[in-house]
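Guided by the hints, dock chain B onto chain A, whose structure is given.
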Amino acid sequence: MYHKEKSIQIKNSASALYNNLCALRIAPRRLTYFTVVHANVVNMVSASWDGLNYSHRQLQSKEPNVATSTSLIMQAAFCSLPSRDLLVVTSQKGIQVYESDGSIMVYWHALDIPETQTGKVASKLDFPCRFLSLGISTGAILVFDVPSKGSNITLSDVLEGHKESITDMASECCGGEVCIADLVSADDGGNLCVWKSGEEFKLLNHIPGFDISCSSVKLWKGTVVAGYGTGQIRLYEAVTGILHAEVNAHARWIYSLDIAPYSGLLLSAAEDSLVRVWHLTMTPESQSVEIAHLHNECVTDTQICGAKFCDADGYAFAVTGYDLSEIIRYTQS
Amino acid sequence: MSVRTLPLVFINLGGEMLYILDQRLQALNTSEDNSEKVLNDIVGAMFSKDFMDELLKPQQLYSHRTLKTVLTRLAHASIMRLNQASMDKLYELMVMAFKYQVFLCPRPKDLLLITYNHIDTIREFVRHTPVVVNQVDETHRKIIEIYSSLAEGDFQLLRQTLLIFFQDMHIRVSLFLKNKVQNPNGRFALSPSGPVPHGIDVPGLIRMFDRKGREVRRGEFPTGGSYTSPIRQGCFALHGNRVITLGMNMYVGTVLTPHHLSTHACTPSPPAILLQKDDAPNLLAKEELNLLARLMGSMKAEDMPETETGFRINLFTSDQEEEDCLFGVINIQAMQDEQAATQLARIAGQFAEGGEMPEELSSSKGDDLLAMMDEL
Chain A
1 MYHKEKSIQI KNSASALYNN LCALRIAPRR LTYFTVVHAN VVNMVSASWD
51 GLNYSHRQLQ SKEPNVATST SLIMQAAFCS LPSRDLLVVT SQKGIQVYES
101 DGSIMVYWHA LDIPETQTGK VASKLDFPCR FLSLGISTGA ILVFDVPSKG
151 SNITLSDVLE GHKESITDMA SECCGGEVCI ADLVSADDGG NLCVWKSGEE
201 FKLLNHIPGF DISCSSVKLW KGTVVAGYGT GQIRLYEAVT GILHAEVNAH
251 ARWIYSLDIA PYSGLLLSAA EDSLVRVWHL TMTPESQSVE IAHLHNECVT
301 DTQICGAKFC DADGYAFAVT GYDLSEIIRY TQS
Chain B
1 MSVRTLPLVF INLGGEMLYI LDQRLQALNT SEDNSEKVLN DIVGAMFSKD
51 FMDELLKPQQ LYSHRTLKTV LTRLAHASIM RLNQASMDKL YELMVMAFKY
101 QVFLCPRPKD LLLITYNHID TIREFVRHTP VVVNQVDETH RKIIEIYSSL
151 AEGDFQLLRQ TLLIFFQDMH IRVSLFLKNK VQNPNGRFAL SPSGPVPHGI
201 DVPGLIRMFD RKGREVRRGE FPTGGSYTSP IRQGCFALHG NRVITLGMNM
251 YVGTVLTPHH LSTHACTPSP PAILLQKDDA PNLLAKEELN LLARLMGSMK
301 AEDMPETETG FRINLFTSDQ EEEDCLFGVI NIQAMQDEQA ATQLARIAGQ
351 FAEGGEMPEE LSSSKGDDLL AMMDEL
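Here the protein sequences come in this chain order: A and B.
Each residue of the first sequence is one higher than the one before, starting from 1 at the first, in the UniProt record's numbering.
Each residue of the second sequence is one higher than the one before, starting from 1 at the first, in the UniProt record's numbering.
Extracted from the complex, chain A is given alone in its bound form (with noise of 0.2 Å):
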C-alpha cells in the first residue's frame, strides 16, 4: 500500500518526546517544512516536491529573562492561520512564536511559575475564533489569543480541567459545519477533557483514564482518538464519553497518532519500532465509528517518536525515530 521513499537527512537525531515530527505544506511554493526537536535544538527541513532542494535552519531555545539555561525543547509545531503559518516552540520554561519558516520570533511567554514545564501546544486559527492553547505540567492550559497580523498575542484565559501534566492537545478545524467540541486535552493520567472553543471557553465533557498515559491525542468529526503507554488505541465519542472501539494496536509505548482528515486515515506509531495505517469510517446510522487496519511498518530497531501525514489525504506520511538523524517518507503505491 505504501513503498518507502528517500529519507530527508537531519542534521541532528531526533528526542525521544511524543508526537516528535510536524509538517507544513506550503503549495504554493511546492514546499513541506519538517521540524524535528533534537533536545534543546528544532531542525527545520524544507523540502521541495520534486525532490531536488533541501534547505536546513537550526533554532536554539532561547529565554530573554534566563540568564542561566538553555532548556530543553518539548514540542515544535506548525499553526496555520487564514493569512499566515506560524510555527511555535515550547520550551520548559516558555513558549516561543516564530514566522513559519523560523526566520523571526514574533512572541514568547515565559513562565512564571517555578518547577513547571511546558507540555504540549495546539492551535484553532480559523475564524471567528484564533487561539493557541499551551498545557503545562500542573494541568492547567494556557489560552493565547492570535491576531491575524502582527505580533500582538495575548494571554486571555487559563483553563483547569487537569491535576497532571498535560501530554497532547488536538484540535479540529470544522470548515463550514458547525462543530460542538472543538479542542480535546489529554494528560499524563489517561484522562482527556474536551471544550468548546470561544470568547470564554466551556468544558463539555471529562472522559476518565485508567492511571495510563494518554501520550497522543486527535479529534475528527467529533471523535477522539487517543493512544495510550499500554499501545492501545481508543476512539470516544467526543460530547458523549462513549467508547466505540478499543484496539491493542501496539506492544509498548504510542509517542504519535496522527489523521488525514479528508480520507479519514489514522497513523499511529510507538517505541515497538512499528507504525501502523487504519482507516476511519463514520456509520451515520449506528452513529459511531469503525476502525479497519491497513498497513504496517517497521522501521528496524527504532523506537519512533514521530508519525506525520504530508497532506490531508494521506497520500504520503514521515517517520522521525529516536537516534535517528532522518526523516523517513513513505508514499501511496
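Mixed in with the good hints, there may be bad ones.
[To be verified] Pairs of lysine-lysine residues, derived as PhoX-like cross-links and limited to a Cα-Cα distance of at most 25 Å, are as follows: (1) B/K57 with B/K37; (2) B/K89 with B/K212; (3) B/K89 with B/K37; (4) B/K89 with B/K99; (5) A/K221 with B/K212; (6) A/K221 with A/K202; (7) A/K163 with B/K89; (8) B/K99 with A/K11.
[As the list claims (entries may be wrong)] Some chain B residues near chain A, calculated using beta-carbon distances under 7 Å: (9) G153; (10) L163; (11) L190; (12) P192; (13) I200; (14) L205; (15) R211; (16) Y227; (17) P230; (18) I231.
No wet-lab data here; the hints were simulated from the structure.
Computed from a predicted model, the values in this text were never measured in an experiment.
Ideal Cβ positions, reconstructed from N, Cα and C, are used throughout, including at glycine.
Okay, now just chain B, sitting in the frame of chain A:
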C-alpha cells in the same frame, strides 16, 4: 524534563563500573583481600548517607563531564588510581551498558527493577562487610520511598530525559556485538517479538462497542511481529525476584578477556560526548560546578594506611596483547600517583569556599589529600 534522574544514574552507572572492576580483578587473580577492599571502598563512598542525600534532591541532570569527574572520584575512594585514558574507556562502557538497559526497558517503571538488579548485585559484592551492607540497604529503602509514589508518566519522562542524555552515542562494545545485542552500526537490536511487558495486551485485537457499551464485534489484524503473553511482574521491594534481567551482571559467566571490553568508535568517529556540542559558553557551567562541589564534598573516604603498597591492574589489555592492541596499553596504576594526587588536589582546592591552594600538599601523602577534601 525530569528532576529525579541523578540517583538512578549514579546507582546504575556505578553498578556497571563495579561489575567491570570485579570481573577484571578476578580475571587477574588479584588477592581476595585486595579485591574486597577495592569494592568495599567504592561502594562505601557511593552509598554514603551524605552523598546519597545530595543526589536525592530534585535537580537537573548535568553533563557527561560532571558525571565522569564524580565517578572518577568515587573510584579513587579505593586504593586504585585510574588514569584519564582508563577512566574514559571505563565511562564509555558504563554508559553504553546503561543506555542499552534504558533503551530496552519494557515499561518505564521497570527502570526501578533495573536499578534494583544493580543494588542486589552490589549487596552481594560487599556481603562480608555489614557496615557497608547497611548503607546499601538504607539507600535502597530511600529509593523505594521516593520513587514508589511516582506515576508511570513520571517514569517515562525520566526515561526520556535519560535517552536525551545518551543521544547519539553509538560506541560499539565487543561484548555486545558478540552477544548480538548491538549491531555493527552501533544501534541496539529491538525486535518486534517476545513477551509483551506486564500490563500490556498482546497486539492484534480490535473491539467495537455499541452506544450502551456492549461489545458488538471483534476483529484481528496482522501485527508484523510475533508477540507472546506478558511475563509476571518483578518485585519492587527490598528483596525479591526482579524477573527482568536488564541490570544484572552480564559479565558473570564469561571469561572476560580485554578483547570483550574493547570499544570501537563508530566511523566516522563522533565528537566528544557532551550535551552541548557547540562552542557557545556553557551557561549551565556555574550550576554544574556547584553540583560538583557539593557531590565531591559529601563523599567520605577512609583514611589510607601509611604502608599501602599499590598493585597494578590492566583493565583493558593484558600484557601479551600489548603489541596487538589497537588502543595501546591502558594501565590502571593502583599506586600512589603523586602527580595525579596533586592535580586532584588543585581541582579540589578550587571548590573550597576559601579557595585555598594546597601548596603544602606537594610532599604529603595520599591520606592528607583525602582528609582535605573531606573538609569541603
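Here's how the hints hold up against the structure:
Only pairs whose Cα atoms come within 25 Å are accepted, and B/K57 paired with B/K37 is rejected, the gap being roughly 30 Å. Our distance criterion of 25 Å between C-alpha atoms is broken by B/K89 and B/K212, whose separation comes to about 62 Å. In summary, the hint linking B/K89 to B/K37 is supported, as the alpha carbons are separated by about 23 Å, within the 25 Å threshold. Distance check on the hinted pair: B/K89 and B/K99 sit about 15 Å apart at the alpha-carbon level, within 25 Å; holds.
A threshold of 25 Å between alpha carbons decides the hint, and for A/K221 with B/K212 the separation of about 21 Å falls inside it, so the pair holds. The straight-line distance between the Cα atoms of A/K221 and A/K202 is roughly 18 Å, inside the 25 Å bound, and the hint therefore holds. A C-alpha spacing of about 45 Å is found between A/K163 and B/K89, which places the hinted pair above 25 Å, so the restraint is violated. Using a Cα cut-off of 25 Å, the hinted pair B/K99 and A/K11 holds, with the two alpha carbons roughly 22 Å apart.
For B/G153, the interface hint holds, the least distance from its beta-carbon to any beta-carbon of chain A being 3 Å, beneath 7 Å. For B/L163, the suggested interface contact is upheld, since its CB lies about 4 Å from the closest CB of chain A, less than 7 Å. Checking B/L190 against chain A by beta carbon gives a least distance of about 5 Å; that is within 7 Å, so the hint holds. Annotation: B/P192 was flagged as interfacial toward chain A, and the flag holds, the nearest CB pair being 6 Å apart, inside 7 Å.
At a threshold of 7 Å, the smallest CB-CB gap from B/I200 to chain A is about 5 Å, leaving the interface hint in force. Hint status for B/L205: holds, given a least beta-carbon distance of 5 Å to chain A, under 7 Å. For B/R211, the interface hint holds, since its Cβ comes within 7 Å of a Cβ in chain A; the closest pair sits about 6 Å apart. The closest approach between the C-beta of B/Y227 and any C-beta of chain A is roughly 5 Å, which is under the 7 Å cut-off, so the hint is satisfied.
For B/P230, the interface hint is violated, since its Cβ never comes within 7 Å of a Cβ in chain A; the closest pair sits about 10 Å apart. Hint on B/I231 is violated. Least Cβ distance to chain A is approximately 13 Å, over the 7 Å limit.
Checked against the numbered hints listed earlier, the structure breaks hints 1, 2, 7, 17, 18; every other hint is satisfied.
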